[in-house]
Amino acid sequence: MCLAIPAKVLEVNGNEAVISVQGVRRTANLMLLEDGAQPGEYVLLHAGFALRKWTEQEAKEVEELLQEVTLTGIG
Amino acid sequence: MPSDEIILMSHGGGGRRTQQLLRDHVLPPLDNPILRQMDDAACLELAGVQLAFTTDSYVIRPLFFPGGDIGRLAVCGTVNDLAMQGAQPLYLTLGLILEEGLRVNDLDTIMQSAAAAAREAGVQIVAGDTKVVERGAGSGLFINTAGLGLRRSGVDTHIANARPGDVILITGTLGDHGVAVLSRREGLAFQTELVSDVAPLNGLTAALLDAVPGVHALRDPTRGGLAAALNDVAAAAHVGIRIEEKALPVRPDVRGACGLLGLEPLSVANEGKALVICAAADEERALAALRAHPLGHDACRIGAVLAAPAGKVLLHTRIGGERLVEMPLGDDLPRIC
Amino acid sequence: MDAKLQEIRELAQQVGHPVQLMEVCGTHTTAAFRVGLRSLLPESVKLLSGPGCPVCVTHDRFLEHALAIAAQPDTVVATFGDMLRVPGCSGSLESARARGAQIQVVYSPLDALQTAKQHPELRVIFLGIGFETTAPTTAGALVAAKAGVPNFFVLSAHKTMPAALRALLVSGEMKIDAFLMPGHVSVITGMHIYEFVAEEFKRPCVITGFEPNDLVAGIAQALRLIAAGRAVVDNQYQRAVSAEGNQKAQELINEVFEPCDTEWRGLGKIPGSGLAIRAAYAAHNAAHVFPAPTKDVPETSRGCRCGEVLRGAITPPQCPLFRNVCTPSTPHGACMVSGEGTCAAYYRYS
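If you're matching them up, the sequences are chains P, D and H in order. In this text, residue positions in the first sequence follow our numbering: the first is 59, and each later residue adds one. In this text, residue positions in the second sequence follow our numbering: the first is 12, and each later residue adds one. In this text, residue positions in the third sequence follow our numbering: the first is 1407, and each later residue adds one.
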């Protein structure tokens, strides 16, 4: 029921961030994250909000997944 | 459709709703054998000369998008409809419907762009019309173009000619135009380096037909994307079609935008790509000819034509599964589920 | 992937009887369809689509309310694209737009908030649909609106998963052997919300993600638990789901919403399964500001056996409405609204 997609944080300004999904950029809101996010970190994005931030280890797994994503994107 | 129905945006999306509208309301009063061919351009014989003849209207919003504008689109779209019949496009007409309040500067830019596209395609715009409507009656500017082309002798690329055993080629990446336009729509703002692929394809198809005059079918996957184009072919030729997910060329940023918005790259519009259907024995020559042209260097094989299931398009997925690719209903909408 | 699918075949043999797995979440249904997963599973393993598609379970009464608001002057109804074509008893948002209503399709509730800021002369009403994943995003927009966007409103149809699962489980014979639980709801809620399914109803629950690898791993784990007779909550989406979930998001949901009884299309009224906007945010609650139409909404679900289809107790052709009055363009139950719903799939493919 909920399409969410891994996104890389590019810029942060308070609760507002610019994120990138495979080169596609848009703004995202970080208010749901306990301690925000820094540029370079990965977040799970749903309806314009970051729902979760990944640790470095988890982010590696996500990066590998992104390499494989094909036609359908990440559901 | 029930008689109290009204026209919805999705009736113009190039999918099932468009088909129903044409079948039930537009075509019956006009019925004739040439119209019944139902391809993007009509094939006519006039005093022994084989012609292709077509018309198309352009209502795109916004008027300017990354990689093009409505002027370039209006010329390329009609040129491509002729090119898909294996014709050499020659003459276009151009009708303008201007909305009160349109900036003349914008009109100038659009006309320059239409003229440049016509030079690129080697066609002349030889007649036209201009009307102005009240503010609110149009979104800035609508364009209609009609086109006339000379068909090559011995070439027949109607989509009904696809036959089992044929291979299906695409001349480049999918979804670039639709995503580039979507990136500028109000309420969805996202940024990408992506530009529309809008381009005249007659040079590419001429190079292809020089190398392989026996190409069975051509189709440009515009509205409704690859999904609509392949379903049209399967229905017209009474054949099955099977495409390979792993073979489909999709740019990372198109995947990214589609992932973000929940869209299907298969049903996103293209304006500078062609589907080529030919005998398996012609595949290598066809690909070599396409790849030698600047608009075809990403050409590749994406699937094959089967005897069954007739009228259906199947996708062989990257994990080895199989599913139907349906005719889209109308224009695709961003979703969260 | 081949090795994993082989493992599923072996596990299915080990189980020794046909099994029905419910993917609760509509995004799982869509993901499984898109990668052709059903065609790769052994005959004896069936996937059923559950009630976790927010659009599918949204009741006609909500849609009628939204259409009535859209008909008011100087209003813009902002919605996720998912809702636009859902047919109600007096049309869809799409047909309302064609008749002149201002309907804006947005990607985020914040996009709707932005429209409200840019157009103080208009009233912007966001249709809040979705489960625990989406509710905090609407809550976030409401908090921002309270801080100074008086012309932004929310009509909430937000729902929560546990009450609906319980209603389904207690309503009759349940022929579901295990549940695949929604990965992104669980990102917010954590794992504990499914414990009652395992403990009281003795059904294994596997939380999983949406990539083919995730789905296959989730199905394999469900079969392993069925074979071992273990009814527990298992997490196969550890890269995104933690035991406790996103507490900040949970707090925000509680700050803005309170539980309420709500109607589900095809399932009827389920106590405590909805999220209503709290009094502190009443000024932005479209349900208060724009009273619901008094017009009677016909009970479309009369005779609808959606609940039994969802429980796996019957197949769609056993429902008297199926194909007769309930079709994709005139859906009665949730299972017919979504393209991948069980009834819609039966309608198209058989």
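Worth double-checking, as some hints may not be accurate.
Claimed, not checked - Label-pair distances were calculated between CB atoms; the ranges are:
{"hint": "1", "chain 1": "P", "residue 1": "Gly-98", "chain 2": "H", "residue 2": "Ala-1649", "range": "24 to 32 Å"}
{"hint": "2", "chain 1": "H", "residue 1": "Lys-1410", "chain 2": "D", "residue 2": "Pro-44", "range": "48 to 56 Å"}
{"hint": "3", "chain 1": "D", "residue 1": "Ala-299", "chain 2": "H", "residue 2": "Ala-1649", "range": "54 to 62 Å"}
{"hint": "4", "chain 1": "D", "residue 1": "Ala-299", "chain 2": "H", "residue 2": "Ser-1496", "range": "41 to 49 Å"}
{"hint": "5", "chain 1": "P", "residue 1": "Gly-98", "chain 2": "D", "residue 2": "Tyr-102", "range": "49 to 57 Å"}
{"hint": "6", "chain 1": "H", "residue 1": "Gly-1678", "chain 2": "D", "residue 2": "Arg-195", "range": "52 to 60 Å"}
Unchecked claim - With a straight-line cut-off of 30 Å between C-alpha atoms, the simulated DSS-like cross-links for lysine-lysine are:
{"hint": "7", "chain 1": "H", "residue 1": "Lys-1523", "chain 2": "P", "residue 2": "Lys-118"}
{"hint": "8", "chain 1": "H", "residue 1": "Lys-1675", "chain 2": "H", "residue 2": "Lys-1452"}
{"hint": "9", "chain 1": "H", "residue 1": "Lys-1581", "chain 2": "H", "residue 2": "Lys-1552"}
{"hint": "10", "chain 1": "H", "residue 1": "Lys-1654", "chain 2": "H", "residue 2": "Lys-1523"}
{"hint": "11", "chain 1": "H", "residue 1": "Lys-1581", "chain 2": "H", "residue 2": "Lys-1452"}
{"hint": "12", "chain 1": "H", "residue 1": "Lys-1608", "chain 2": "H", "residue 2": "Lys-1452"}
{"hint": "13", "chain 1": "D", "residue 1": "Lys-323", "chain 2": "P", "residue 2": "Lys-118"}
{"hint": "14", "chain 1": "D", "residue 1": "Lys-257", "chain 2": "H", "residue 2": "Lys-1452"}
{"hint": "15", "chain 1": "H", "residue 1": "Lys-1608", "chain 2": "H", "residue 2": "Lys-1701"}
{"hint": "16", "chain 1": "H", "residue 1": "Lys-1608", "chain 2": "P", "residue 2": "Lys-118"}
{"hint": "17", "chain 1": "H", "residue 1": "Lys-1410", "chain 2": "D", "residue 2": "Lys-257"}
{"hint": "18", "chain 1": "D", "residue 1": "Lys-257", "chain 2": "D", "residue 2": "Lys-323"}
{"hint": "19", "chain 1": "H", "residue 1": "Lys-1608", "chain 2": "H", "residue 2": "Lys-1581"}
{"hint": "20", "chain 1": "H", "residue 1": "Lys-1701", "chain 2": "H", "residue 2": "Lys-1581"}
{"hint": "21", "chain 1": "H", "residue 1": "Lys-1552", "chain 2": "H", "residue 2": "Lys-1654"}
{"hint": "22", "chain 1": "H", "residue 1": "Lys-1452", "chain 2": "D", "residue 2": "Lys-323"}
As the list claims (entries may be wrong) - Some chain P residues near chain H, calculated using beta-carbon distances under 7 Å:
{"hint": "23", "residue": "Cys-60"}
{"hint": "24", "residue": "Glu-69"}
{"hint": "25", "residue": "His-104"}
No lab work stands behind these hints, which were simulated from the structure alone. Note that beta-carbon positions come from the ideal geometry of N, C-alpha and C, so glycine has one too.
Now the hints, each set against the structure:
no., hint, verdict
1, P:Gly-98 x H:Ala-1649: 24 to 32 Å, "holds, 27 Å"
2, H:Lys-1410 x D:Pro-44: 48 to 56 Å, "holds, 55 Å"
3, D:Ala-299 x H:Ala-1649: 54 to 62 Å, "holds, 58 Å"
4, D:Ala-299 x H:Ser-1496: 41 to 49 Å, "violated, 58 Å"
5, P:Gly-98 x D:Tyr-102: 49 to 57 Å, "holds, 56 Å"
6, H:Gly-1678 x D:Arg-195: 52 to 60 Å, "violated, 44 Å"
7, H:Lys-1523 x P:Lys-118, "violated, 39 Å"
8, H:Lys-1675 x H:Lys-1452, "holds, 28 Å"
9, H:Lys-1581 x H:Lys-1552, "violated, 46 Å"
10, H:Lys-1654 x H:Lys-1523, "holds, 26 Å"
11, H:Lys-1581 x H:Lys-1452, "holds, 11 Å"
12, H:Lys-1608 x H:Lys-1452, "holds, 19 Å"
13, D:Lys-323 x P:Lys-118, "violated, 40 Å"
14, D:Lys-257 x H:Lys-1452, "holds, 26 Å"
15, H:Lys-1608 x H:Lys-1701, "violated, 44 Å"
16, H:Lys-1608 x P:Lys-118, "violated, 36 Å"
17, H:Lys-1410 x D:Lys-257, "holds, 19 Å"
18, D:Lys-257 x D:Lys-323, "holds, 19 Å"
19, H:Lys-1608 x H:Lys-1581, "holds, 12 Å"
20, H:Lys-1701 x H:Lys-1581, "violated, 39 Å"
21, H:Lys-1552 x H:Lys-1654, "holds, 19 Å"
22, H:Lys-1452 x D:Lys-323, "holds, 24 Å"
23, Cys-60, "holds, 4 Å"
24, Glu-69, "violated, 17 Å"
25, His-104, "holds, 6 Å"
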